[in-house]
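Number of protein chains: 2
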Amino acid sequence: SKEEEEDFIKNNYVARTLLNEPQLPPVTWSNWYKHVNWPQATLLCLEPFVALYGLFTTAFMWQTVVFTIIWYFLTGFGITAGYHRLFAHRSYEAKTPLKYLLLVLAAGSVQGSAQWWARGHRAHHRYTDTDLDPYSAHKGIFYSHIGWLIFKPRRKPGVADITDLSRDKTVQWQHRHYLTLAFFMAFVFPTLLCGLLWGDYRGGYFFAGVLRLVFVHHSTFCVNSLAHYLGDAPFDDRHTPRDHFITALVTLGEGYHNFHHEFPSDYRNALKWFQYDPTKNLIQFFKRIGLASNLKEFPQNEIQKGRYTMVRKALNQFGRTITWPKGDEELPLISYEEYQDLAKKDDGRVLVLIAGFIHDVSNFIDSHPGGRALIRSYVGKDATVAFYGGVHDHNTAAHNMLAMMRVAVCRYGGEVEHLKRKLGHIQTPTPIFA
Amino acid sequence: SKEEEEDFIKNNYVARTLLNEPQLPPVTWSNWYKHVNWPQATLLCLEPFVALYGLFTTAFMWQTVVFTIIWYFLTGFGITAGYHRLFAHRSYEAKTPLKYLLLVLAAGSVQGSAQWWARGHRAHHRYTDTDLDPYSAHKGIFYSHIGWLIFKPRRKPGVADITDLSRDKTVQWQHRHYLTLAFFMAFVFPTLLCGLLWGDYRGGYFFAGVLRLVFVHHSTFCVNSLAHYLGDAPFDDRHTPRDHFITALVTLGEGYHNFHHEFPSDYRNALKWFQYDPTKNLIQFFKRIGLASNLKEFPQNEIQKGRYTMVRKALNQFGRTITWPKGDEELPLISYEEYQDLAKKDDGRVLVLIAGFIHDVSNFIDSHPGGRALIRSYVGKDATVAFYGGVHDHNTAAHNMLAMMRVAVCRYGGEVEHLKRKLGHIQTPTPIFA
Ligand code: HEM
Ligand code: HEM
Ligand SMILES: [Fe+2]
Ligand SMILES: [Fe+2]
Ligand SMILES: [Fe+2]
Ligand SMILES: [Fe+2]
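So the protein sequences, as listed, match chains V and C.
Counting from 1041, one number per residue, gives the positions in the first sequence under our numbering.
Counting from 1041, one number per residue, gives the positions in the second sequence under our numbering.
Hints are computed from structural coordinates only; laboratory data are not their basis.
Treat the hints with care, since some could be wrong.
Heads up, the list lumps identical chains together, so a pair's fine if it works in one copy or across two of them.
[Unchecked claim] Simulated crosslink set (DSS-like; lysine-lysine; CA at most 27 Å straight-line):
1) Lys1421 with Lys1050
2) Lys1327 with Lys1384
3) Lys1179 with Lys1196
4) Lys1366 with Lys1353
5) Lys1421 with Lys1385
6) Lys1353 with Lys1312
7) Lys1336 with Lys1135
With the rest of the complex left out, here is chain V (with noise of 0.2 Å):
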């Protein structure tokens, strides 16, 4: 109703928020060049450009190439490690010389600043999927990629509290020297290193320093597009979050998205031993070596509790694929005498009484597996102790096959309970569906 539409607007602050705070005009195709973030744009859609003409017109030594691979995943870990489990989700506590190596790590990813880069996030896990979340996988494979940092976002995010970071002297001393420090991190020091050690000035700025710059970039674009779309739910479906190997490969480790949404606060992204996570492992390390301490895990009976639901869920949705037997509100309650009276009948049925339910077997008893006669011979009477092992102890097929057949249910005193008790192997089973 409309009075409960309000009370629940007034009620939860996404809807609040989203009813009374302005927002900019959608992005179209003739007013986009006004919303565009040209800075971040250029940035973002020059690089593979610069990339590409150094690939084609740079020779290749193996040094760099090797420092290339090395500088992805340093500059990486220090997103996926320090930015993203240390910084926005304290998911472990580190020591001020590692915090200071991961900001500035982190800093040649060109991402913004750990206080920027947290705060967004924090926005993301608290709003997920709603319009305060900055970077909503309902809006779009291309938006959550790369869409809102290209066009200026339409809203403000929702609020978060980054009052910790505020006071992190390593985080701020980190947002004041950003600029300087990306710069240098992403393509001072790389050129310089290649060109001092070996020479190779031009494959260290291309490789190490470009290449390698939107590598790392559309890695962490992939936590926010890829993670939200492809995969499975092992943890929790209420959300776009999802698992899957290859996201975690080109992720350091970031892949096992519905498990962070759910866990957030874990440093773990993956649990098992075959997936993916060298962040976890890192993290590990730095413990071993005493830089970290404090590595946060979610309790394992409340990780178990969400893959219980979700197989139930999806055994609930398989239950409703299947045709279930009638049971007794379903189905007209006759007398036994009745039943006999039916039986004899030439209308086509052949009527056995079975555990209480009245049985039309007329289609099945000439693919019966035990013959044709031994079902004749009970038809008008009880088969129940027959049926149950008297003369053959039906496998739970047969039960379930039974059950489908069943026309009504027999008012009558036959007690066979005993019969479902167990006598050493040889058991009488519980009908499932009794």
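Given the coordinates of chain V, assemble chain C with the ligands onto it according to the supplied hints.
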């Protein structure tokens, strides 16, 4: 009770028979030689040695090697498509020429006549895992593989109806001429064929004859041994039959044995395209060329029920490893005023009311991702609206975790149902364990 037990035995064919029918004494280290079935034991124990002798003393001719493999498949299919799926289970109908073909090929596998084989096999299905099963898996893997053939049976197998087979002329013809047919197809024919066509009498005898026979024998035996031990039970686990790819591989597709025992009248053993069941494909081929008809399939709905039941069972087992939250009945009921008083006490507990339950969040508040302050501000108040989206729309893990902190139920009039309704994608969830 004693009475119930007697009643059970009276009403259960297997229990009754085991009690009343005589059995031979168990085979032991001191009496075993009296109980050996010497003809069968001699054949089965000698053949591997004859085969080994042949292997080390006979030159390989590629034609003989190829024919040996072909002959293994042909005589093997005689058993799987013939003895087993056609004669024992009547899972399809075959034209007379096909019946003769299968009976003659199967004779080359030296496993007794179709009538003898099917009679024992029907008892195996009807009395699976009991002492009336001629190769009960409960007697150990050696017994069910080959022991039951080497020693005289301790008991008569349980009754099984084979009137259809005693009326079948083709089966009776094979039964009468079984020894001649077996000797001819197992040894004479392969020897002559390899000898007359490419001069390799010796190879024909040792490889296509004896060595092949060893493989065919143990292949079939594996259906009674391996198929009752190795693998899992996707359809029913009351009895020992199991599904496994390896068993399928060594038995021409008879390795999906859990399925087969549950749905013995189905001409298939494997349902999925990636499962190995060449016997099924052969029967389909027979149908395509007009030699077979009426291929029986168990209703898909009942097959799915088997799957559903086993998954549900596994899920229930999984559920029992999880600690679930306390429900209403396990918690004290207090008034809102009492709650307010308790919350004011300085007893180390931090009490917050959410969705009708009072929670002690003292162990959690410091690691709350939303911070200590937000929870603090709701102590002694009703935080339902805040928790359900008023401040933050908590994820499912948060709801599960919250439920574990329940310490009491609050008698109060707060109505939050309307918050659980959906409004667009801003969805306030119902806690799964409300
Ligand atoms: C009326 C509904 C019945 C249904 C739906 C039914 C169904 C089945 C099914 C599916 C099988 C094969 C699976 C298994 O071995 O457990 C079977 C076998 C058998 N049934 Fe029934 N049955 C019915 C009634 C009876 C009755 C009343 C008797 C005995 C008086 C009987 C005697 C047997 C015997 C002896 C076998 C074993 C056949 C063999 O493996 O040689 N059945 N039945
Ligand atoms: C008392 C029991 C509570 C428990 C067990 C709890 C649990 C959690 C958990 C597990 C999260 C992280 C997962 C998620 O984002 O949904 C979270 C986040 C949050 N909670 Fe709570 N919460 C509680 C109470 C509250 C209350 C009363 C408030 C508000 C008044 C609140 C506000 C928040 C906020 C704002 C976040 C988002 C933090 C962020 O992502 O930046 N929580 N809570
Ligand atoms: Fe995400
Ligand atoms: Fe995150
Ligand atoms: Fe079996
Ligand atoms: Fe069988």
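Here's how the hints hold up against the structure:
1. In this assembly of identical chains, lysine 1421 and lysine 1050 lie within 27 Å of each other by CA distance solely across copies; the values are 19 Å between and 67 Å within a copy.
2. Taking the shortest Cα distances, lysine 1327 and lysine 1384 never come within 27 Å of each other, neither inside one copy (82 Å) nor across copies (40 Å).
3. For the identical chains of this complex, lysine 1179 and lysine 1196 are intra-copy neighbours only, at 15 Å inside a copy versus 73 Å across copies, given an alpha-carbon limit of 27 Å.
4. In this homomeric assembly, lysine 1366 and lysine 1353 come within 27 Å of each other (Cα to Cα) both inside a single copy, at 23 Å, and across copies, at 22 Å.
5. In this assembly of identical chains, the alpha carbons of lysine 1421 and lysine 1385 lie at most 27 Å apart only when taken from the same copy (14 Å versus 71 Å across copies).
6. For the identical chains of this complex, lysine 1353 and lysine 1312 are neighbours both inside a copy (22 Å) and across copies (24 Å), given an alpha-carbon limit of 27 Å.
7. Proximity of lysine 1336 to lysine 1135 under the C-alpha cut-off of 27 Å is restricted to the intra-copy arrangement: shortest distance 16 Å within a copy versus 70 Å between copies.
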